[in-house]
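S.K.: Following the hints, complete the assembly by docking chains B, C and D onto the known chain A.
Chains A, B, C and D are the protein sequences, given in the same order. If you read the first sequence in our numbering, its first letter stands for residue 273, the second for the next number, and so on. If you read the second sequence in our numbering, its first letter stands for residue 273, the second for the next number, and so on. If you read the third sequence in our numbering, its first letter stands for residue 273, the second for the next number, and so on. If you read the fourth sequence in our numbering, its first letter stands for residue 273, the second for the next number, and so on.
A hint or two may mislead.
Identical chains blur together in the list; that is why a pair holds if it fits in one copy or across any two.
Said to hold, decoys possible - Calculated pairs, PhoX-like style, for lysine-lysine (alpha carbon to alpha carbon, straight line, at most 25 Å):
1. K466 / K511
2. K480 / K403
3. K466 / K274
4. K403 / K274
5. K480 / K274
6. K480 / K466
7. K403 / K505
8. K480 / K505
9. K511 / K403
10. K403 / K466
Keep in mind the hints are simulated off the structure, nothing from the lab.
Each chain, letter by letter, is given below.
There are 4 protein chains.
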Amino acid sequence: MKIGFIGLGRMGLPMARNLLRAGHELVVFNRTRNRADALVAEGARVAAGPAEAARDAEALITMLADDAAVEQVIFGEDGALQALRPGAVHVSMSTISVALSERLAAAHEAAGQAYVAAPVFGRPEAAEAAKLWIVAAGPAEQIERCRPLFEAMGQGLFNVGPEAQRANLVKLAGNFLIASMVEALGEAFTLVRKSEVDPGQFLEIVSKVFGSPIYANYGRIIVEDRAEPAGFKLSLGLKDMRLVLAAADSVVVPLPLGSLLHDRLLAAMARGAGEVDWAAGLARRSAEDAGLG
Amino acid sequence: MKIGFIGLGRMGLPMARNLLRAGHELVVFNRTRNRADALVAEGARVAAGPAEAARDAEALITMLADDAAVEQVIFGEDGALQALRPGAVHVSMSTISVALSERLAAAHEAAGQAYVAAPVFGRPEAAEAAKLWIVAAGPAEQIERCRPLFEAMGQGLFNVGPEAQRANLVKLAGNFLIASMVEALGEAFTLVRKSEVDPGQFLEIVSKVFGSPIYANYGRIIVEDRAEPAGFKLSLGLKDMRLVLAAADSVVVPLPLGSLLHDRLLAAMARGAGEVDWAAGLARRSAEDAGLG
Amino acid sequence: MKIGFIGLGRMGLPMARNLLRAGHELVVFNRTRNRADALVAEGARVAAGPAEAARDAEALITMLADDAAVEQVIFGEDGALQALRPGAVHVSMSTISVALSERLAAAHEAAGQAYVAAPVFGRPEAAEAAKLWIVAAGPAEQIERCRPLFEAMGQGLFNVGPEAQRANLVKLAGNFLIASMVEALGEAFTLVRKSEVDPGQFLEIVSKVFGSPIYANYGRIIVEDRAEPAGFKLSLGLKDMRLVLAAADSVVVPLPLGSLLHDRLLAAMARGAGEVDWAAGLARRSAEDAGLG
Amino acid sequence: MKIGFIGLGRMGLPMARNLLRAGHELVVFNRTRNRADALVAEGARVAAGPAEAARDAEALITMLADDAAVEQVIFGEDGALQALRPGAVHVSMSTISVALSERLAAAHEAAGQAYVAAPVFGRPEAAEAAKLWIVAAGPAEQIERCRPLFEAMGQGLFNVGPEAQRANLVKLAGNFLIASMVEALGEAFTLVRKSEVDPGQFLEIVSKVFGSPIYANYGRIIVEDRAEPAGFKLSLGLKDMRLVLAAADSVVVPLPLGSLLHDRLLAAMARGAGEVDWAAGLARRSAEDAGLG
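This is chain A alone, in the form it adopts within the complex:
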């Protein structure tokens, strides 16, 4: 399949590589060009801009940091919207707002193009191992058409129906659950430390009792204070909480735990922790509030 791929960050690069390895033809674009070089050796062609990446694509995949970046590559000058051919599909895999996803659906429809929202669960290691969980929404036949792509990147596909923005809502609700878990772990480990219980042993207990690799993974980051390099930057976690609160506000749902997470992340941000791993950053906030560290 002819694929345009925009966004070669810590997630996008391994995802694109897995598509190449599955035999697809890729034209890639990344704002900082040298991220793309790694893929040229594996057969990718590098585009000079979003429009060029989109031009000949049957499917255009975007995997970018936030709404602004997606708006820029799709609607901006030299944007993909005008270059994408009728009948081609834009597969938006970034974690973006429900509102932008609705706007993309409308814009692509008006242009005779298809649109599938397909955000993913998984950290960079999962992207490398093609172990992402992919939540897709949009026209059923378009999701089917893209199934080989999803299979090359993930270990499982969930189709949540024809309304594209619902995939984004599911992704945001899932990230809210993960953020809640991280905050809970941060507070619990602080309590454990100040109560003179060994954090490593507490992690072992938690891992067994919850039987969840996610708990074990985040627990380890916290116990070892692995702030850098960030598996997932705190500034991106803050972005996600803004998006989930916006989505909840628009359907009149209070999320008190979401508000707490937003405020914690904002405080960490204000204190200069935007670039550190969010789990380490949140746990440090709990620790500092208890007079530790």
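M.R.: Leaving out everything else, chains B, C and D in the frame of chain A:
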């Protein structure tokens, strides 16, 4: 081993039964006598009061609802403290406060008796299946002495050291993690419902992404609104949050998420939900705050 | 002075009347026309649309419910921006976002017009009595030029400098303080009621101790549960909390109390209380969470 | 009137002095003896312990820091309970728990003594100026009997009925309101500072709009960051929030704002701010969470 066993509730009864089946000799006591009858057929003897249950025991196990119940059977009139023989060990498996556990340790030491705190993780089904996770603390040789008992009731034992009350702290911190998860699920499912995503499908996604039986289990209770019979009563969840906040306050650790959980549970309690399953009860609060149900 | 006045709600109508009584010449516009009729007898002329209200004005005053309404009358079809003469000043007295105020400042500057942000503190009774507190920001000479208008409507003027949007920030921060007070009163009265203390007597004590008419006023609304007619609608209070949180987020300031207020108001909204007085509505939420009422 | 007076801290000392000046006969006791010296010159006699201070008193006044201190002087060794004569009245003016006040009422009744709870509103300056607001509860005739004492110390008396502990509840609910105001001011001033609005001017606006000396006073402490000497120590504010949350929990009332205050104060405490003025301390927490200071 000669065992006194006090407290035959939804957890205590199957735990006592598993000890009987492992060949131990049990003298049991429960405030409402008929709960004990079920065990007589399996070989248990029924005591008229806490003291009688303790009198000939090498190990006295208590599995009760709260601090007040434990204080009553140990320190009250006809209490076990005075009846237990020197050298015998009290194994306190209830979820009680750090402060009471410290007081028990001191009282038993003064009486020439041993004390082990050994609270458990697991719901009634796990107690029945002898699949509890047991967190023990106290003198190492006493924990070893009780190992056969723990093995008859659980699937794993964690020894968190000689200070008994640290086992209670670990149990409370663990329950705080579970409560956080339940609150997060309640809020997330409310958002999902008001966004017209199918809750059952969201549960499936969450179960896969988190890969945790606990998430799947609580998620199912919430999706199916299984309020009764309660696997774990909301009033007990509130009790636990009070204990974890008290423990945190005493070591000067703010737990904003713990405070949120306390307030949510207290509101549910005030609105008459003390007897319903805590996961269903918490999720209903989120739903009601969003104008649902 | 020749004044265009747009927005004749519970605040705007008495403000416009006070300008008429001070001898100014008014052309007024309101979406629902019959609100304007009351002023015709006092000498106002009614415009058919925002543009007509702006056409001959030296000063155009807007007093509308929210950002959307202001955007509509200024930037919309038949909007005031294109009709207002160069050199005329737009005095924006609505409680709007910091972001919209910045946008208005830029748009008016580009059109050779002046812009002053001048939001007010005070409920409808204060507007009627010309007892508003007015917080103005913008070019100093423009604020001076409008001083007679402010004096006709208010009891005091604060000039917070040349950056117009800072007046909006001050207004939002002030409303945040008032909302905090209302929430605190709602929680305190609930505690008092469930502790069998007479709420009326508690109100008397609070009024004396705080020595503040605002405490006394809001306390009375809560004690008497004066939900309707609303002095200030809960839906507007929610709008304000959204604006203050947005302003805080944009300068990276966590407002945990602001988040709590937002969530409370959102829950009240979801339960159908958008049209009731916000103080009564917030207090009812506290009472309901405690199982009262 | 013959008065025993226990507790000569920043509040107790000026209160005792005002009683002396009104012509009453005082036997005073303070744990650190030299605080009492200042009153000897004005006619007070110094007791060696609580019992001696109580022995000949018609009214025994206690004005101490917390529950523990009151329990010590009343129930402890050489305590006042056993020394106080039948028919004499204990006037407990400290901010103590509802639960302790109930216990005191019962103990004094059993001893044939009277008990009045009469906590006060006002900072040390108000105590010096005899401008305290006094909230009394207990038997009506005892409150009348003590009226001359209250008039010598305060500017107003509120009688909230025969149940003594309700005066303590009112005092705690009032302190909760004040703490809420302080937290709101701390957050608002942080927002204002990061938005480049002059805090001094914002204070002026707030003072006018709220028309409350309490807002003006606390606002000034925050703007000037007057952390020391503390008018009211942060550790005492934390104590009060613990008491109000305990009182609310016991009548099943969630106080989300109270929980937020508790967590903020606890964080400040953990970071070493227990001795600073609570308004300055809380505001610093808000500022730090926004990356300031």
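S.K.: Give a verdict on every hint.
M.R.: Verification of the supplied hints:
Proximity of K466 and K511 under a CA criterion of 25 Å is satisfied inter-copy only: 20 Å between copies versus 31 Å inside one chain copy. Proximity of K480 and K403 under a CA criterion of 25 Å is satisfied in both settings, with 23 Å inside one chain copy and 12 Å between copies. Within a single copy, K466 and K274 get their C-alpha atoms no closer than 56 Å, and across copies no closer than 38 Å, so neither meets the 25 Å cut-off. With identical chains, the CA atoms of K403 and K274 are at most 25 Å apart within one copy only, with a shortest distance of 22 Å there and 52 Å across copies.
Neither within a single protomer nor between protomers do K480 and K274 lie at most 25 Å apart by alpha-carbon distance, with minima of 45 Å and 31 Å respectively. When the C-alpha separation of K480 and K466 is checked against a cutoff of 25 Å, the pair qualifies only within one copy, where the shortest distance is 22 Å, while the shortest distance between copies is 34 Å. In the homo-oligomer, the alpha carbons of K403 and K505 lie at most 25 Å apart inside one protomer (20 Å), although the nearest pairing across protomers, at 38 Å, exceeds that limit. For the homomeric pair K480 and K505, the shortest alpha-carbon distance between copies (24 Å) is at most 25 Å, but the shortest distance inside one copy (27 Å) is not.
Proximity of K511 and K403 under a CA criterion of 25 Å is satisfied intra-copy only: 24 Å inside one chain copy versus 41 Å between copies. Taking the shortest alpha-carbon separations for K403 and K466, neither the intra-copy value of 37 Å nor the inter-copy value of 30 Å comes in at or below 25 Å.
Consistency note: the structure conflicts with the earlier hints numbered 3, 5 and 10.
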